[in-house]
Each structure stands twice: as C-alpha cells, then as structure tokens.
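Participant: For the protein sequence lines, the chains are A and B, in the order given.
At position 61 of the first sequence (counting the first as 1) the number is 61 in the numbering used here, and the numbers step up by one without a gap.
At position 86 of the second sequence (counting the first as 1) the number is 1086 in the numbering used here, and the numbers step up by one without a gap.
Be a bit skeptical, because a hint or two may be false.
Stated by the list, open to error - Here's a subset of chain B near chain A, in silico, CB distances under 8 Å, partners left out:
(1) 1004
(2) 1042
(3) 1061
(4) 1089
Unchecked claim - To spell it out: a stretch of chain A is covered by chain B in this simulated footprint if at least three of its residues, at any positions, have a beta carbon under 8 Å from a beta carbon of chain B; those stretches are:
(5) 7-21
(6) 25-32
Note that these hints are calculated values from the structure, not bench results.
Think of the CB as a built atom: it goes at the ideal place given N, C-alpha and C, for glycine as much as any other residue.
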Amino acid sequence: GAVVSQHPSRVICKSGTSVKIECRSLDFQATTMFWYRQFPKQSLMLMATSNEGSKATYEQGVEKDKFLINHASLTLSTLTVTSAHPEDSSFYICSAGATGGKLFFGSGTQLSVL
Amino acid sequence: GNSVTQMEGPVTLSEEAFLTINCTYTATGYPSLFWYVQYPGEGLQLLLKATKADDKGSNKGFEATYRKETTSFHLEKGSVQVSDSAVYFCALSSSSGSARQLTFGSGTQLTVLP
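Okay, chain A solo, but in the shape it has when bound (with noise of 0.2 Å):
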C-alpha cells in the first residue's frame, strides 16, 4: 500500500530554535497534505492544509508565521517551527491525501522544546 514517510520520528530542541518536519509521499502523488497536532491526553487536531505549489490554509488558531509549511513538490511537504518554545512541545503528524479520497499517515515527530 501507499507509504508516508515522516522524519525526524523524535527531535529534542532548544528554546528560540526552529525544526523543520518532513514528510513525503513515497508511491504516489499528492497534491494535498495535511498537517495535525496532538498534545498529551487530548485529540489530533488539524493545524493546516499545505496545496501542492501554492499556500497553505490553516486553522483557526494556528500562528502561520509560527508554522511554516511548504509544499514544493507533489511528494514533499515541510512543516517548520519557527522559534520553538516549551509550549510548542507536541506530537505533530502528516498525512497525504491520494487518488480516490484516501489518507495515507506518517508515523508522527514527537518535538521536545527544552
């Protein structure tokens, strides 16, 4: 079956750094990825939805400038955390959406933010 791959699986990283989360559809093609986030305890919740050569669209809520996504490319998109802080500290998980309505999921980025 289709394969998102989602790297790094763990990251652990200073106050006022910035991360940047891969994720790429490895067999097929996707114009849309979507991006969510889980704090402990509580739902996945969706942050954005990044569009194949063009802006993303994000939730309600979501800092666009803080969470920079881009999709470059129809099997690639990034997230980046600009200036992490401890309360960014979150699992954050991709998915790409193929032919036919399917969702295919990375396996997650646990983010620790020291």
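We have chain A already, so just place chain B on it with the hints.
Facilitator: What follows is chain B alone, placed relative to chain A:
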C-alpha cells in the same frame, strides 16, 4: 461543532481476551465514522469504517457498528493477539467526506500481553 470522545487508556489485556474500546461522537448531519490504528513506529492506518446508521465495519477480526441512536461506534474484537498492541483512534468526517473535515478522538493505547 463535531467532536469525538474516546475511552481513555491505556488498556492492558491478556491474549485471547475480549476487547471493547468505547467511542461516542457529536456531529451535525450524517457523518461517516472510522477507526484508525497506529502500530509502533508506523503511521495511522484505516482499520474500518461505516458510512451510515446500522452499518457494521469489520477488518482483521475487529468490528464496530454505527449506532445513531446512541451516537456511538464502539470497537470490539472477540480474541485479541499480541500483534494487536497499538494505539487506536476513533474519527468522524462530515457528510462532505473531505479529509479536511476529519475529527479525531484522543486515541487509546492497547497492550496485549502473552
């Protein structure tokens, strides 16, 4: 708005035990309901789904029935195996079926002991 309330974990069972993970939802209209599973180190995978009331989704011995009267979609398996150890997410989508409209529960960690 839409919401999904899922049984808190973690859940620990012995092999061959009966499994129930409760899931209830709040939604307008007639949503589709899903169970996703995330095995260690992997992305979320669709386990089963139901698109209308009284539908039963089933896969790999797991079942869930769309109960509109109780707004529930409980996941069951008659005899769990060690290989079923994973995190299970209940989710719903609006009638439009767009991936953007997926609403997730908080996930339930299941550990099956030999």
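Participant: How does the coverage statement for the segment 7-21 of chain A fare against chain B, requiring three or more residues with Cβ below 8 Å from a Cβ of that chain?
Facilitator: Per the Cβ count (1), the hint is violated.
Participant: Residue 1061(B) was flagged as interface toward chain A. Is the shortest Cβ-Cβ separation under 8 Å?
Facilitator: violated, 19 Å
Participant: Closer than 8 Å between Cβ atoms is the bar; does residue 1042(B) clear it against chain A? Give me holds or violated.
Facilitator: Hint on residue 1042(B): holds, closest Cβ of chain A at ~5 Å, below 8 Å.
Participant: With 8 Å as the cut and Cβ atoms as the points, is residue 1089(B) at the interface with chain A?
Facilitator: At 7 Å from the nearest chain A Cβ, residue 1089(B) passes the 8 Å test, so the hint holds.
Participant: Are there at least three residues in the segment 25-32 of chain A whose beta carbon sits under 8 Å from a beta carbon of chain B?
Facilitator: That given contact is violated, which follows from only 1 residues of the segment 25-32 of chain A lying within Cβ reach (below 8 Å) of chain B.
Participant: Tell me if residue 1004(B) is really an interface residue toward chain A, meaning its C-beta lies closer than 8 Å to one of theirs.
Facilitator: holds, 7 Å
Violated hints, in rising order: 3, 5 and 6; the structure is consistent with all others.
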